[in-house]
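Undergrad: Here's the letter readout for the chains.
Protein chains: 2
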Amino acid sequence: MKRFIFGVILLAATIKDIVAMTGLSLGTVSKYLNGHQVKEKNRVLIEESIEKLDFNVNLFARGLRTKLSSNIGFIVPSLELTFSTKIVAIIEKILAEHGYTVIICVVTGDSKVDKAKLQNLVYQKVDGLLVIPHANHQFLQQWLEVMVKSIPIIVLDRLFNSSTVQHFVLVDNANAAFKATELLIKAGHRDVGIILGDRGGYTSDERRKGYLQALDHYHVPIKDEYQVYGKYLKAEGYKACEQLLKLPNRPTAIFVTNYDMTLGVLECLNEHILQVYEDISLIAFDLDEISKVIKPNLAIVTQPVEEIGYYTAEEILKSLKGNHANPEIKILECSIQQGASIKEIN
Amino acid sequence: MKRFIFGVILLAATIKDIVAMTGLSLGTVSKYLNGHQVKEKNRVLIEESIEKLDFNVNLFARGLRTKLSSNIGFIVPSLELTFSTKIVAIIEKILAEHGYTVIICVVTGDSKVDKAKLQNLVYQKVDGLLVIPHANHQFLQQWLEVMVKSIPIIVLDRLFNSSTVQHFVLVDNANAAFKATELLIKAGHRDVGIILGDRGGYTSDERRKGYLQALDHYHVPIKDEYQVYGKYLKAEGYKACEQLLKLPNRPTAIFVTNYDMTLGVLECLNEHILQVYEDISLIAFDLDEISKVIKPNLAIVTQPVEEIGYYTAEEILKSLKGNHANPEIKILECSIQQGASIKEIN
DNA sequence: ACATAAATTTGAAACGTTTCATTTTTGGGG
DNA sequence: CCCCAAAAATGAAACGTTTCAAATTTATGT
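So the protein sequences, as listed, match chains A and B. Sequential numbering from 35 applies to the first sequence in the numbering used here. Sequential numbering from 35 applies to the second sequence in the numbering used here.
Keep in mind that a hint or two might mislead.
Which copy is meant is left open, because identical chains are indistinguishable; a pair holds if it fits in one copy or across any two.
[Said to hold, decoys possible] Calculated cross-link-like contacts (lysine-lysine; reagent style DSS-like; alpha-carbon spacing at most 25 Å):
id, residue 1, residue 2
1, 326, 377
2, 329, 220
3, 265, 127
4, 377, 243
5, 213, 326
6, 280, 326
7, 326, 120
8, 355, 183
9, 146, 183
10, 86, 149
11, 127, 149
12, 50, 101
13, 149, 265
14, 101, 86
15, 364, 352
16, 280, 257
17, 75, 65
18, 86, 183
19, 86, 146
20, 273, 329
21, 120, 265
22, 86, 73
23, 355, 65
24, 329, 377
25, 146, 127
26, 377, 220
27, 120, 146
28, 329, 280
For the record, the hints were derived by calculation from the structure and aren't laboratory data.
Make the full structure from the sequences, and use the hints.
TA: Structure below.
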């Protein structure tokens, strides 16, 4: 029996207390706790006892035998992207309903630091792993390749080639970029710049692909100087924007393919005293909460973060429940939110 | 010895393997692992062995004896406030350097849901707790009062009266609000509105206090209708703003005391076709990353999130190391970032 | 060298589960 | 009412640490 003094627990109840109270054996109670068949009469007995004792399984003891922790690790490149935090929040909520907790692990990209963090995490503390890879994820990827053999892993946002990691949840970046670019073209723009992430990065390449397809489809000439690369950072967005503005015939519209870069672009336009819409058209990515406060309201591509969260949570739960072999590449669609940042120049 | 097949760990090394390799006893090795004095010769022996075996303490077994997990729980009201996520990120980084991991727990304010989450967390999974309370935190507070007797707890952002919880890290909200209001007054504004959080909420009351002090200090008449309350949400900021705009002689300047509410205010002004600066002056809270992209740049009060993070991490580490009795209320200062959103109307 | 105090080492017991080979109970058919 | 297969219950062993009283080694002063 849990014993209290002034409301503080001195001693938590154990299975042995249940045994003492019910007269059953350790084995039977344990079986009940793990969802196995137990005689009706005994089930009632045990449940009453659990209730009275306020019994909770000791996870240390359980883990010692089973090597399971009821924790899920969530590896993110940063906590300052709403994309990541929204997904973490949704998943934390769902997993909590199933008795799991979420351990956050921010990877820096510095493989030395990351290695220690990941090692500790995976060897002992988590039953499964959710991963939003860092742009610079070579080390992480190698690590995952090995780890996925011992625990279920789902990778979000980025696809990579791997014979072992096979469970991905992605958005259709190419199609989203196609539609965004299309929107600009249909408004009459033929000089459309695009600000991309790292050259060779997965999302970057996909978004570029969609952009090129759209130009091609509408017979708009492709110009290399309109495609600018940078890291997914505000400062790099600023730089990329300047680069486009410096061009002899600068684009009349820009597609910025990332949240943070968009902030940089807006700051850059501000400083160059260029008005969105009036002087230059814009469509951005993922700006959800703030697209409306910016004047004019920005047209944006919105990733289905909620759907990503729900789907991923369900999938990892399935994997944890033993269905270890349903790897899949899931691709979800983005939507486009109209704004007042695209000028018709027919 | 850890045994591998195709790079996958089959069996992790245990203390017994070290015993076998060094010829020492369990007790000695354990003592070494826990930082106690061991003969130099043996220290070397053990360290070599650990290295060779790639030994890691099994945290389940350790926890079974010690009831310690090397996890810290971080309770946040939401993951969509940069205030919270920045602090979480900083603290996660520092704690990781000390072998701790961070379990995220988002409380909803629904005490039924929260209770189950917190229970699980505290009874078994965490050695300490960091808490950014929800605005509606009665239940949470009661819970903390009891829990702090068994593990160290530090509360951030909000102060509350408690005979047990005594460790707080706060910012000087009153002073920050004083300075913000002062800035508006010095620009000649005498009709200064303030949009506050929940009536009776800690931060809300403090910020109001500073606001009133500033008005009083500069002999500006105080008007009740200029003080509007709402929840710290974008939608409520919108509503609050409308309320101020509807007033017969509406304020010439508004102090918005929260990030999310500011977004709502900006949207509201946009829709009413009111220009910040030109039509109405504004000073906001915590808008850091986006204050620069908004035109005109907003003047903002910035909370020292980095400092809060570093300080809190150090404090919880101290508490975990046994210095269990250094409760303190730490108050950090905010800074003000000038912008172009305040019009001189002398 | 010797006695003694101090510093280390030792190893059995305990932490609270799960597992599994065995034993016991149950219920259906003849 | 008995037999037997199936279902359920049993309880000892094991998981890998930490702890602690007892034993051993080392250091100190004479």
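Undergrad: Run the structure past the numbered hints and jot down the numbers of the failing ones, going up.
TA: Of the numbered hints given earlier, the structure breaks none, since each of them holds.
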